[in-house]
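Asker: Assemble the complex: chain A is given as a structure, and chain B must be docked to it using the hints.
Chains as they are written, first to last, in our numbering: chain A, 3 to 185; chain B, 259 to 551.
Hints in this document: simulated from the structure, not taken from any laboratory.
Heads up, some of the hints might be wrong.
[Claimed, not checked] Straight-line distance between alpha carbons at most 30 Å, and here's what the computed DSS-like set of lysine-lysine pairs gives:
1) A:K180 with B:K289
2) A:K180 with B:K435
3) A:K179 with B:K289
4) A:K179 with B:K262
5) A:K34 with B:K435
6) A:K161 with B:K435
[Stated by the list, open to error] These stretches of chain B come out as covered by chain A in the derived footprint (C-beta under 8 Å, 3 or more residues):
7) 264-275
8) 294-306
9) 312-320
10) 388-402
[To be verified] Covered by chain B, per the in silico footprint, the following chain A stretches (three or more residues, Cβ under 8 Å):
11) 14-25
12) 43-51
13) 56-68
14) 122-132
15) 166-179
Here the structure is a predicted model, which is why all the values come from computation and not from measurement.
Beta carbons: idealized from backbone N, C-alpha and C, even for Gly.
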Amino acid sequence: MTERGSERDLVEKAKQRDPEATSELYDLYVDKVYRYLYYKVGHPVEAEDLTETVFLRVLEALPRFSWKNVPFSAWVFSIARNLVIDHYRRRARRTEVAFEEVGPLFADGGDPHEAAERSLLQQRLEEAISTLTTEQKEVVLLKFFVGLSNAEISALLRKSDGAIKSIQHRGLRSLRKKLESET
Amino acid sequence: VKEKFNDILDRAIALIESRGELADFLEHHRKDEPDLLGLLEVARQLSEADAPQLSERRRESLRTELLALANQAHRPRWTFVPRWSRRVSLSFSAILLLTTGVAAAAGTSSPGTVLYPVKRAAEQARLSLAVSSEAKARLRLLYAERRMEESRRVVDHPRAFHRAINEMSRETIEAEKNASVVSQEKKEDLMAELLALTERQQETLRGVAASAPESAREAIERAVENSRRGHDRAIKMLVGEPEIGKPETPSSSHQKKRAPSSSPAVEPREEKREPSRGENRSGDAEHREEQQR
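So here's chain A without its partners, still in its complex pose (with noise of 0.2 Å):
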């Protein structure tokens, strides 16, 4: 049995309330949804808050989903999405999602000389990213850093699998030039 179509048998049983299909689903996923909302929201606390909620509105509204032609993923990742479009209206004070808002995307290194070289590394690239257009960040936080394939990201975005592809290779070409021109 295929990925795909184990995670559909998932989908399928936990909407009839199993259990066990509705911990695997939710262990699928909750890495990334938690690490797509962190680097959305740049707060810790503020992304746990929104991860409880994405997974209750999932839970909720999952005997209403239906495969048409939209992953399972894209479907999450949009409750997500739209989750945080709701977060900045209501604060209403950021009118962007900025990288720059974003925590430590590096964790502590035990070796101090590590550390100081990881933080270095890390401030470039949160530097370089907060360069990126808004699309760029969008694709290039869910390919690389949440780990969705391009056709997620394509059904997610609603755009087509080319322009997924030239959006990324835009964004990595912008990144290393920033990092080039900082070295």
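Answerer: What follows is chain B alone, placed relative to chain A:
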């Protein structure tokens, strides 16, 4: 040609992700190799960045909550209650709570005691009656202070302690949110209070950490970190933008973004310096007075 390169790059990234053999692939694309290698290096740096993780405790509590919901055959549906009706109801509750001796007696109660829910209900009622963001921010600051004091009293009761410090962090964040949308003058005043509060929080949390159970350490560290961030943001709000020429840190640009678009950002001030975290409170207070002058 550009389209083609997009595809080549995407295939190369997919190859790296699946840990496939890149050498053969590059052999077929010799012309693009230098360009590809540079972009793949950036992709590698992005992919290898350590990802933030949801704490184990929160992950499991959320799972429990989800499974409990999944076990319910039908979730209770929300019934429509008009907004005005809720307000009237809350106002009555507030008046009742604020005028009875029960609320007064509940005022000093600690988490886990019988009267504690009364105290929290009275607080919520009072908050619901606050109209301005400033009033809400001041109440939130007061409640954050109360939760801090409560955490000190219930350090031997893990569940109550956990709840108290989580609530303390939440109230502090909410106070900051409310404070961010008031006028500049009031904002500075509120931020100065927030600054003092977060310093007391860190001091208190470090004090209770020694006697707190091992299971509470992670929550304490997180609360200290949250408090420290709030403290840093309050300082930046008070100090303003970094000086020209001074390298801007991600967190400072974060602060810049947090400034409400409707109100003017804090004016850059010359000869301002950011107090280091090691500075004592009197040093910070002097610094703030200096800024206000």
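Asker: If you test the structure against every hint from before, which numbers come out violated?
Answerer: 2, 6 and 10
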